[in-house]
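Asker: Got chain A; can you put chain B on it based on the hints?
Taken in order, these protein sequences are the chains called A and B. For the first sequence, position 221 (counting from the first letter as 1) is numbered 221 according to the working numbering, and the numbering increases by one without interruption. For the second sequence, position 384 (counting from the first letter as 1) is numbered 384 according to the working numbering, and the numbering increases by one without interruption.
I should point out that these hints are in silico values taken from the structure, not numbers from a laboratory. Computed from a predicted structure; not experimentally measured. Heads up, the beta-carbon is just placed ideally off N, CA and C, and yes, glycines get one too. There's no promise every hint is true.
[As the list claims (entries may be wrong)] Keeping only pairs whose Cα atoms sit at most 25 Å apart, straight-line, the calculated SDA-like set for lysine to any residue is:
no. : chain 1 : residue 1 : chain 2 : residue 2
1   : A       : K310      : B       : G245
2   : B       : K9        : A       : V207
3   : B       : K247      : A       : A305
4   : A       : K310      : B       : S392
5   : B       : K14       : A       : P214
6   : B       : K247      : A       : A262
7   : A       : K310      : B       : K433
8   : A       : K310      : B       : N434
9   : B       : K9        : A       : R302
10  : B       : K14       : A       : A17
11  : B       : K14       : A       : S213
12  : B       : K14       : A       : D19
13  : B       : K14       : A       : Y15
14  : A       : K310      : B       : K9
15  : B       : K9        : A       : I204
16  : B       : K9        : A       : S213
17  : B       : K14       : A       : A208
18  : B       : K9        : A       : V215
19  : A       : K263      : B       : S228
20  : B       : K56       : B       : K84
21  : B       : K9        : A       : A208
22  : B       : K390      : A       : D19
23  : A       : K310      : B       : K247
24  : A       : K66       : B       : P365
25  : B       : K390      : A       : F121
26  : B       : K390      : A       : R73
27  : A       : K70       : B       : A358
[Said to hold, decoys possible] To list a few chain A residues with every Cβ distance to chain B over 12 Å, as calculated:
no. : residue
28  : L98
29  : L101
30  : A201
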Amino acid sequence: MKENKSLISESPFIYAAADTSLIMRDVLIALLPCVALAVYVYGPGVLLTFAVSVGSCVILEAVYQKLMNKPVRAGDLSAAVTGLIIAMNLPPFASPLLVVLGAFIAIIIVKQLFGGIGRNFVNPALVAIIVLGMSFPQEMKAWVVNDKMTPVIVEAAAGATTGPTALELFKLNAALPSDLQMFIGLKNGTLGQLCSLAVIAGGIYLVARRVISPVLSSIFFLTVAALTLMWGYSPLFQIFAGGTLFFGIFMANDCVTAPVTAKGKLIAGLLYGFLSMFFRAYSLNVDGMGYALLFVNILTPRIDALTMPKPAGGKGRRIL
Amino acid sequence: MALFPIPTKGIRLKGERNTAAQSIVPIALPRELHIAMRQGNCEAALPVVSTGDYVKLGQLIGRNASPLSVPVHSSASGRVAAIKREPSQLGGDDLHIVIETDGRQSIADSVRPPRINSPTEFLAAVLVSGMVGLGGAGFPMAAKFAPCLKVEVDTLIINGVECEPFLTVDRVTMLAHAGDVVAGARAIMQWLGIRRAVICVARSMKKVHELFSEMLKGDESIKVKSISDIYPYGSERILIKQVTGRKLIPGRIPADVGCLVCNVNSVVKLQHYLATGLPLVSKNVTVDGSAVSYGRNLEIPVGTRISDVLAFCGGAADGKEPEMILLDGVMMGKKVPDASYPIIKMNNAVLFFDRDFAESLGETPCINCGRCLRSCSLSLVPVKIADALKRSDMRTAKALGAEICNNCGACSYVCPARRRLSSVIYEAGQRIKNERTGADNERK
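With the rest of the complex left out, here is chain A (with noise of 0.2 Å):
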C-alpha cells in the first residue's frame, strides 16, 4: 500500500510564538533599566563590563559547540542572557580578564559539560559569580560611589570613590538609608544593585510577558520581610538590600533550574527566603543570596518530583 502523507504531519499545526529565543529576549528586554540606569550612573565606560561578559559567553558557547561537533545553538540569546546576569553581579569596573573567567566558568564548565541548555543542574551564572567572589573577594568588592547616589551611601563613603554598601552599613550597625531611599535611591554595589526600582520593573514585565510565575519571586520576598520583621527591623530593608531583588527576581526564576509547579515554586519560594536570611544573620557572607540560591539549585530536582502533579484519573502513579 502507498504510503499515506497525511498521517506523517502531526497536530497541532499553529504554535505560541514564544519560543525559546524569545523568552530570553524578553530577559535580555526586562534587564534594560538595570542597563540603563548603569551607564547614567558610571558613564558608557561601563557599557564595557557588559559587551566583554555577553561577548564572551556568546563567543565561547558557539567555540565550543563547533568544536565538539555539535549544532551550534549560541545565537538563541541564553548565552548572552547568561552574561548579561554575569556582568549584573560583577562590581562597575571589573577587570575584562575577570569577566571572562566567569563566562568560562559559566558557559563551559556548568553549562556546555553538562549538556547545554536545560541540562546545567545549577544556574551557570551563578556559579561563575560565587566561583569568582571566593577567588577574587577583593576585586569583586571594588564599588564605585558618585555624588548620583543616595546621600547617606555618599557620606559614609567619606569622600572616598569606594565605599561601603547599605548591606555593609547593616553589617556595621551605621546609619542606614530610609525604606523610601532603599527603593528609589540609587546605592552601590554590583551593577543589578544600583536601583530596586528598576529591577522589579524588570520583574513586573516577565510576569506580565508570562515569562516567569510570580510565585516563586513573592514568596520568597514576603518570607524575607517576615523574617527581618521578626528580626526586628524594618520589613522592606532586607528586600532593597544587597542581591535580594536581582536574585530573587533574575536568578531564582531561571527555568533551568527552578522546579516547574506552582507548589514546587512555592517550596522554594520559602526554602530560599529561610535560607538566604540564615546566611545574611549568620555566615560572614554579607549578602549570602548566592550560596543560599545554590542550596535552592540543588534540591530543586527533589522539589520537582515531590509536587509533580498526578495523571487526571487518580489511578497513576507519581513516579520520577
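Answerer: Okay, now just chain B, sitting in the frame of chain A:
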C-alpha cells in the same frame, strides 16, 4: 486532594472565530461525489451498488459489515460512475463510490421516519441512520449508545463547547436548531433511560446560552451549563469532570461513570433522522483560513471534494493555491496533501492557509520551563512521558498516564523548544490502551 476541585489547566488560545456570524448555507451540489466507505473511526462498509447503477438520495450504497462499521448512504441522486480505491484522509486508501450527480436530488423510497417502540429498536434505528460522532471522534454512534443499556447511565452531556479555534459550526447550529438539540436530547434520554441532560456551551457563547435557558425554563431534566473558554475544555474527560465531578480513570469509558457525551451536531442530525428518516448524508462544516476568499459555514453532502468546497467559497484568496489544507481544525485536525480528498461524515472544518506554520520550526533542547505540564488539562507531565518514550521506556510512560492523552496538542503548542510532545505521547498512549484492551479480552 487537588488544590482546586475542577481542573484549571489548559491554555488560552486567541480563538479566531471569523465565521461566527455566518449561518449555515447548503453548498451547490457538485458534479461528482467521492463517497468513502470508511467515514470515521470505524471499519469500512461494503459497497452494495455497482458501476452504472442509478442511486437516489438517502439510498444505502455501503452496508455495515462488522459491528464497528456504519452503513453509508448516497448523498445525491445520480449514477455510480466508478468504485475505486483512493487515498483516504484517515490514512492508507479506501474504497470510494464515485457518483455523477444529476441534480434532481430525488429521494429514495427507503427514506421514511423510523418506528421506534423499544430501546433495542432505537439502537437499530441509530445504526441504520449511519451516524458517527460528529464532534471529531467519528466513532459509530450505535456502538457508543449500546453500553448505556447495559450499565446505569444517568447523565447525557451534550457537547457544544467547540474549543477548537476557527470552528463555529457547532455554535451556529445551536442557534439555528436549538429546538432540534432539545428534541434529540429528549429522544436519547427517553430510549436510553437517562434521567438528566446537560447542554455544555462555552462561556463566550452568550446568545446560545440565553436561547437555551429561555427554551428550557421550568425544565428540570435538561440544563445548560457554561464552560470556561479554555482549550481543550470541550474534551470528554473534562466535561464529565466539570458536569458530574466524576473522574474517568484510564481504561474506562464514559458509560462506566454513568455518562454519555454527544456532540451537538450529532444530536441535531440524529433528531433530523428520527423526524424525517433521511440518514446522515450531509455534514455541517466551517470553512475558513487565510487562503480562502470567503470563510463560511456550509452544509456539505458527504463525498464532496475539498476542491469543490474551495471553489464554492470563492476559490483561494489572491488566486494563490493554499499551502496547507487542514481538516477538523488547527489543534487536533489533520493535514491533507491536496484538495482532491472528499469530505467524510466526521469532518467539521476545512481550513485553508497560505503557509505551513510548522515548516520553519526546528526542535531545540528542553529548557525545563514547565509550560507543557501547566498546559495539560489532564495533569500529565508531557516532557517526562516524551523523555521516557525517547528511551523506549514504556513502563514509565504508562505509569505517567500516557494512555489518557487525547492529543489535544496544548503541550506541543506551548513548547518553546518546539518539541512535538502531544503526537508522540498520544501514539504511545494508544499503543498502551490497545495492549490493555487486548489483555482484558484475553481474560474474558
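Asker: Each hint needs a verdict: does it hold in this structure or not?
Answerer: Hints, one by one, checked against the model:
no., hint, in the structure
1, K310(A) <-> G245(B), "holds, 17 Å"
2, K9(B) <-> V207(A), "holds, 18 Å"
3, K247(B) <-> A305(A), "holds, 24 Å"
4, K310(A) <-> S392(B), "holds, 21 Å"
5, K14(B) <-> P214(A), "holds, 23 Å"
6, K247(B) <-> A262(A), "holds, 23 Å"
7, K310(A) <-> K433(B), "holds, 18 Å"
8, K310(A) <-> N434(B), "holds, 22 Å"
9, K9(B) <-> R302(A), "holds, 23 Å"
10, K14(B) <-> A17(A), "holds, 12 Å"
11, K14(B) <-> S213(A), "holds, 20 Å"
12, K14(B) <-> D19(A), "holds, 17 Å"
13, K14(B) <-> Y15(A), "holds, 11 Å"
14, K310(A) <-> K9(B), "holds, 13 Å"
15, K9(B) <-> I204(A), "holds, 23 Å"
16, K9(B) <-> S213(A), "holds, 14 Å"
17, K14(B) <-> A208(A), "holds, 17 Å"
18, K9(B) <-> V215(A), "holds, 16 Å"
19, K263(A) <-> S228(B), "holds, 23 Å"
20, K56(B) <-> K84(B), "holds, 20 Å"
21, K9(B) <-> A208(A), "holds, 19 Å"
22, K390(B) <-> D19(A), "holds, 22 Å"
23, K310(A) <-> K247(B), "holds, 13 Å"
24, K66(A) <-> P365(B), "holds, 17 Å"
25, K390(B) <-> F121(A), "holds, 21 Å"
26, K390(B) <-> R73(A), "holds, 22 Å"
27, K70(A) <-> A358(B), "holds, 24 Å"
28, L98, "holds, 28 Å"
29, L101, "holds, 25 Å"
30, A201, "holds, 22 Å"
No hint from the list above goes unmet by this structure.
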